[in-house]
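Position chain B relative to chain A; hints supplied.
Protein chains in written order, with the numbering used here: chain A, 6 to 130; chain B, 167 to 291.
Bear in mind the hints are in silico, worked out from the structure with no lab data behind them.
One or more hints might be untrue.
One side of the interface only, derived from the structure: several residues of chain A facing chain B at Cβ under 8 Å [claimed, not checked]:
| # | residue |
| --- | --- |
| 1 | G36 |
| 2 | S40 |
| 3 | V95 |
| 4 | D97 |
Every residue, glycine too, gets a C-beta built ideally from N, C-alpha and C.
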Amino acid sequence: MSNSGRPLSPHLSIYRWPITMVLSILHRMTGVAMSIGLIVFAAWLMQTAAGPEAHLRFNYMMSGTVGKLLLIGWSCAFFFHAANGVRHLVWDTGRGFDKRQADRSAWFVIAFSVAVTAAFWWAAL
Amino acid sequence: MSLRTPLGRVLGLGSAKNGTDHWWAQRVSAVALIFLGGWFGYSLVRLESQTYLDVIRFIGQPLNAVLLALLSLTLAYHSYLGVQVVIEDYVHTPGTKVVSLLLSRFAHVFVAIAAVYAILIIGIG
Chain A
6 MSNSGRPLSP
16 HLSIYRWPIT
26 MVLSILHRMT
36 GVAMSIGLIV
46 FAAWLMQTAA
56 GPEAHLRFNY
66 MMSGTVGKLL
76 LIGWSCAFFF
86 HAANGVRHLV
96 WDTGRGFDKR
106 QADRSAWFVI
116 AFSVAVTAAF
126 WWAAL
Chain B
167 MSLRTPLGRV
177 LGLGSAKNGT
187 DHWWAQRVSA
197 VALIFLGGWF
207 GYSLVRLESQ
217 TYLDVIRFIG
227 QPLNAVLLAL
237 LSLTLAYHSY
247 LGVQVVIEDY
257 VHTPGTKVVS
267 LLLSRFAHVF
277 VAIAAVYAIL
287 IIGIG
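For reference, chain B alone in the conformation it holds in the complex:
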């Protein structure tokens, strides 16, 4: 006889209270980052210099701006997923754990918005 509740059996998620969503999202963003990160590394090598004008000219190209924004968002997302697992693995005090996860989420959203906003300013301005 199983002691699991009917709802628990239907959800089928076990004690992790979570399905494969997290794992899958991490893989999808990882694959995207292989391409976006490769493009960014290549672009850095290709960039004439790190001076203001060269960087502005680079981000001023619409395709570069779009790819850079995608890179920023995907990096922030992938980073959030990773840091979340690290916190869940090492922080066991319930209160500290929730606060750490919240702070990590806020910080990642902030960084993502800041990066995209900066790219828009440079691209439009």
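Only chain A is shown next, with the shape it has when bound in the complex:
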């Protein structure tokens, strides 16, 4: 920073994070995480197109602890990003900006994404 010594406005670190702030950055983080996941998604299709052995190799790679954790993480990221995305779409109509409403929809999105992730893996396995 070239302007050291000059007064600064309060930075992120001094705030007690309200839940809406947590969800805001989580939306971006889950988005970027899924952008990386998109490569694995395409690899899944490519390896399947390449034949049974390549497909098996892909499945084997993703069946380890790390692979499973990644898949659970990406599925949770998807459900979170989708639910919070709908929250954003509602905001786009000009509704839901009231502080209490925004807090409530934030907690709803968290509960929803955890519940749906659990239900998804329960149903899939």
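Relative to the frame of chain A, chain B by itself:
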């Protein structure tokens, strides 16, 4: 007296040099992804197993192949739009910024083409 040029006033885009196109494209692809992503999640749960034959049989159905290709393209598009904003927000060095945006665009187009090509191979083959 306004210091803006007549051309600048006509374009009406301000310092962002951009209109609402990006924002709107992000919303349209988001709405599409609610449906396509929901369908994909449901299909994964419904899939007998992740074995080669079951996956091939699933993608072999024409409607599944079309929806999967749409999902891949829309995911890549939505992901590109999102990553673009992240880069624009955090990368400020002009050279690095342009290179990052270029690399992101190349990577997204590559992933989209790879996914669609794989689906075609599986569907036709």
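So which of those numbered hints doesn't the model satisfy?
Violated: hint 3 alone.
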